[in-house]
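Trainee: The residues making up each chain are set out below.
Number of protein chains: 2
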Amino acid sequence: MPLQFDGISIIKKSNIIYGGYCINHSIKFKNGATKNLGVILPTEEPLIFETKVAERIEIISGRCWVQIGENSDVIIYYAGQSFYVPKKSQFKIISEEIIDYICHIEGH
Amino acid sequence: MPLQFDGISIIKKSNIIYGGYCINHSIKFKNGATKNLGVILPTEEPLIFETKVAERIEIISGRCWVQIGENSDVIIYYAGQSFYVPKKSQFKIISEEIIDYICHIEGH
Chain A
32 MPLQFDGISI IKKSNIIYGG YCINHSIKFK NGATKNLGVI LPTEEPLIFE TKVAERIEII
92 SGRCWVQIGE NSDVIIYYAG QSFYVPKKSQ FKIISEEIID YICHIEGH
Chain B
32 MPLQFDGISI IKKSNIIYGG YCINHSIKFK NGATKNLGVI LPTEEPLIFE TKVAERIEII
92 SGRCWVQIGE NSDVIIYYAG QSFYVPKKSQ FKIISEEIID YICHIEGH
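Chains A and B supply the protein sequences, listed in that same order.
The first sequence lines up with residues 32 to 139 when you count with the numbering used here.
The second sequence lines up with residues 32 to 139 when you count with the numbering used here.
Everything labelled a hint here was simulated from the structure, so no lab data went into it.
For clarity, every value in this text was computed on a predicted model and none was experimentally measured.
Be a bit skeptical, because a hint or two may be false.
Identical copies look the same in the list; a pair holds intra-copy or inter-copy alike.
[As the list claims (entries may be wrong)] The list that follows gives simulated cross-link-like pairs (lysine to any residue, SDA-like), each with its CA atoms no further than 25 Å apart:
| id | residue 1 | residue 2 |
| --- | --- | --- |
| 1 | LYS43 | LYS66 |
| 2 | LYS61 | SER103 |
| 3 | LYS59 | SER103 |
| 4 | LYS61 | LEU78 |
| 5 | LYS43 | SER103 |
| 6 | LYS59 | MET32 |
| 7 | LYS43 | GLU127 |
| 8 | LYS83 | HIS135 |
| 9 | LYS66 | SER40 |
| 10 | LYS43 | PRO77 |
| 11 | LYS61 | GLU127 |
| 12 | LYS66 | ASN46 |
| 13 | LYS61 | SER120 |
| 14 | LYS61 | PRO73 |
| 15 | LYS43 | ILE107 |
| 16 | LYS123 | VAL97 |
| 17 | LYS119 | GLY138 |
| 18 | LYS59 | PRO77 |
| 19 | LYS61 | PHE80 |
| 20 | LYS61 | LEU34 |
| 21 | LYS118 | GLU81 |
| 22 | LYS83 | VAL97 |
| 23 | LYS119 | THR65 |
| 24 | LYS43 | TYR108 |
| 25 | LYS44 | TYR109 |
| 26 | LYS118 | CYS134 |
| 27 | LYS59 | GLY100 |
All chains should be modelled from the sequences, with the hints used to inform the complete structure.
Mentor: Following this line, the structure appears as structure tokens:
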């Protein structure tokens with residue numbers, strides 16, 4: 032996994048979700064693709080994210096517990112791993128440490 | 032003030048300072064310059080940052096109170112404003128909201 036993205040644009044202002052428990056920056060690639068690069072802070076309750084489009088969440092550092100859509104399974108994801116969330120679905124995520132992640136838009 | 036940086040590289044993993052009260056990403060420009068783009072979360076006590084090199088801190092969003100070096104003045108900085116910190120000095124910063132900022136390296 033490359034440690035950096037090259038040749039991108041980044042919006043200076045962050046996106047602040049759940050009062051700062053999720054903070055990310057939108058980055059844009061030359062081919063028009065957009066991703067969000069950011070962090071999720073530790074919480075006592077899971078954060079819930081709804082998807083409009085299909086997304087792949089890549090964990091860059093840390094460890095988190097994830098439940099996707101109607102599936103009741105909770106799966107642990109570690110740095111280097113990804114999980115896929117269909118469009119018009121949701122996922123719940125919780126961690127005990129700060130997670131670095133990338134949200135890849137997978138389709139509309 | 033442009034809303035974004037273009038043609039940059041960004042390190043995927045964030046820099047986490049003060050247990051997450053300051054989180055930034057290192058970005059690199061084609062000319063070799065490096066800046067840090069990130070956020071400072073609200074705290075009850077000021078965060079203290081020591082400078083090895085001269086830095087200019089640009090506030091992208093929010094409002095913060097800043098004290099630089101031995102100067103006892105506390106100055107409020109708003110979005111769009113910057114403050115300069117000499118090398119081998121320090122500054123104290125506190126805010127009641129999430130601050131977006133850029134740390135520009137001004138000299139060695």
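Trainee: At most 25 Å between C-alpha atoms: does LYS61 with GLU127 qualify within a copy, between copies, both, or neither?
Mentor: Neither. Shortest intra-copy (35 Å) and inter-copy (37 Å) distances fail the 25 Å Cα cut-off.
Trainee: With 25 Å as the alpha-carbon cut-off, assign the pair LYS61 and LEU34 to within, between, both or neither.
Mentor: Answer is both; intra-copy 19 Å and inter-copy 17 Å each pass.
Trainee: How would you classify LYS61 and SER103 at a CA-CA limit of 25 Å: within, between, both, or neither?
Mentor: Neither way: LYS61 and SER103 sit 38 Å apart in one copy and 47 Å across, limit 25 Å.
Trainee: Within a copy, between copies, both or neither: which one fits LYS123 and VAL97 at a CA-CA cutoff of 25 Å?
Mentor: within (6 Å within a copy, 38 Å between copies)
Trainee: From the Cα coordinates, with 25 Å as the cut-off, is the pair LYS119 and THR65 best called within, between, both, or neither?
Mentor: within (18 Å within a copy, 39 Å between copies)
Trainee: With identical chains, the pair LYS119 and GLY138 could be close in the same copy or across copies; at 25 Å between alpha carbons, which is it: within, between, both, or neither?
Mentor: Within one copy only: 11 Å inside, 49 Å across.
Trainee: Checking an output row: LYS83 and HIS135, CA cutoff 25 Å. Within, between, both or neither?
Mentor: within (13 Å within a copy, 36 Å between copies)
Trainee: Under a CA distance limit of 25 Å, which applies to LYS118 and CYS134: within one copy, between copies, both, or neither?
Mentor: within (13 Å within a copy, 37 Å between copies)
Trainee: Is it within a copy, between copies, both, or neither that the alpha carbon of LYS44 lies no farther than 25 Å from that of TYR109?
Mentor: between (28 Å within a copy, 14 Å between copies)
Trainee: Have a look at LYS59 and PRO77 and pick one of within, between, both or neither, based on CA distance no larger than 25 Å.
Mentor: neither (28 Å within a copy, 34 Å between copies)
Trainee: Using 25 Å as the alpha carbon limit, work out where LYS59 and SER103 are close: within a copy, between copies, both or neither.
Mentor: neither (34 Å within a copy, 42 Å between copies)
Trainee: Is it within, between, both or neither when you check LYS66 against SER40 at 25 Å Cα-Cα?
Mentor: both (11 Å within a copy, 14 Å between copies)
Figure legend: structure checked against the earlier numbered hints; hints not met, in rising order: 2, 3, 4, 5, 11, 13, 14, 18, 19, 27.
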